[in-house]
Amino acid sequence: MSFSIKKGQNVSSGDGGKGGFSDCFVGGIGGGYWDGNKKKKRLPGCRPGGFHKVNTMSVKPLNVSIDPNIQIIKAEEGEQIKTLNNKFAAYIDKVRFLEQNNKVLETKWKLLQEQGTKHSTKRANLDPLFEKYIGDLKRYSNTLINERGHLVHERKNQQGFAEEYKKKYEDEINKRTKAENDFVVLKKDVDTAYMAKTELEAKVDAVTSEINFLRTLYAAELSQVHDSVTNTSVVLTMDNNRDLNLEGIIQDVKAQLELCAQRSKMEAEALFDNAYLHPTYKELQKTAEGHGDSIKNSKAEIAELNRRIQRLKAEIENLKKQIAGLNQSIAGAEEKGNLALKDAEKKLQDLEAAEKKLKEDMARQLKDYQELLAAKIALDVEIGTYGLMLGGEERRISGLIANNVSISVISGGSNVYSILGAAAGGMGGGMGSEMGMGGDMRSGHSGGHGGHGAVGMGH
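Quick note on UniProt numbering: the sequence shown kicks off at 1 and runs consecutively.
Hints may be right or wrong, so weigh each one.
To be verified - With a straight-line cut-off of 27 Å between C-alpha atoms, the simulated DSSO-like cross-links for lysine-lysine are:
1. K342 x K367
2. K94 x K108
3. K156 x K167
4. K265 x K254
5. K74 x K87
6. K166 x K178
7. K197 x K313
8. K166 x K187
9. K313 x K188
10. K265 x K197
11. K82 x K94
12. K187 x K175
13. K336 x K346
As the list claims (entries may be wrong) - Computed beta-carbon distance windows for the label pairs:
14. L84 x K357: 40 to 46 Å
15. S141 x A179: 31 to 37 Å
16. R215 x A179: 47 to 53 Å
17. K175 x V152: 55 to 61 Å
18. G337 x R307: 42 to 48 Å
19. E355 x D93: 28 to 34 Å
20. N306 x Y169: 34 to 40 Å
21. R307 x K175: 26 to 32 Å
22. R215 x Q251: 34 to 40 Å
23. T216 x K265: 16 to 22 Å
Hints listed in this document are in silico derivations from the structure and should not be mistaken for laboratory results.
Everything numeric in this text was worked out from a predicted model, so none of it was measured.
Yeah, the Cβ is synthetic: ideal placement off N, Cα and C, and Gly gets one too.
Kindly produce the complete structure, drawing on both the sequences and the hints.
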């Protein structure tokens, strides 16, 4: 490793250890250091054959450490400068735009002034035209005023018609309400009359059946009377005398016939009374009356059932309409549900695709992370290997050098750091240096005749 020291550079020694030196010295056969070609060279300002005093204040180590936040601060300052530059450029563009608008407005103002001066002489000729136009507008306004009065009158007439129609409409509504109420009352009367008619029909049927029964009974009794009359034997005594008294005979026959008729009548009445008072007849009459009542009740029930049937039919129609409406609502809800389900399935597919894509991205990133981790581990192993190698080299060089002195060389404007180790002894001197791979430079504490040490500087 080669080192160079230019003129005007500072040479500083490290902290003196136990029995160490704080001066630049050349002792023994001659003071100096070893260059890269294994040749011994003399230090500038040091003559051979003696010790030379060096000002210790000028050889103190300099603090050349770098602030770790300097890059962040510089980046922030750069961003602020960019922002200010952008704002400044925007303001410049705005100023230019306003200047252009100002020029355009000035040009327009000049043109308008020129046009005003040119047309001021012609304005006198335009007065009749404006007066004519004003007169036309006045006539048009008068026409509009007249039309307005006519329209106001027509509006009043229309409002009167509207009020009249409104009253008629209200009267019709009242009439309809009254008619509905009358219909309800008449319906009740009709129902009552229908019930009365049903009862009367039942009574008529009962009376008709009774009349038929009495006719049948009378016919049977009449036939019995005829049978009894036909079976009656009449003995007549005749006088064969020439002088027949026909009137007397007729009266006698008449009297006998009357007696027979009276007797037959009495027998028929007796038979009728016996039949009427017979238990079977009474039971039949009671049964007929019961059947008549049951017929009346049945007819009333039939009428009530008919009314219920009508109400149920109306309710069934309403229920059918409600069912149709519910079916339509159900169909609409099913359609909406199907659309919502399709939308949800589509969103689910999109989410699954996004999840799959995210999983693929995660797998790829995990693979990249594993590759970077493997590369980091390999670099750490390599750095460790280089560190071990440098440590071994350092120990080997340190074993060859008796004493180490740190010399920091700082050029005027460049960040160049070197470590120069010079050794001075009774028989001669040597020089050693080392530089770490991680950016650290180490130099040793000089002690007695063979001490070691280190001073770290950030690169």
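For this session: Would you list, in rising numerical order, the hints stated earlier that this structure does not obey?
Result: 1, 8, 10, 15, 17, 19
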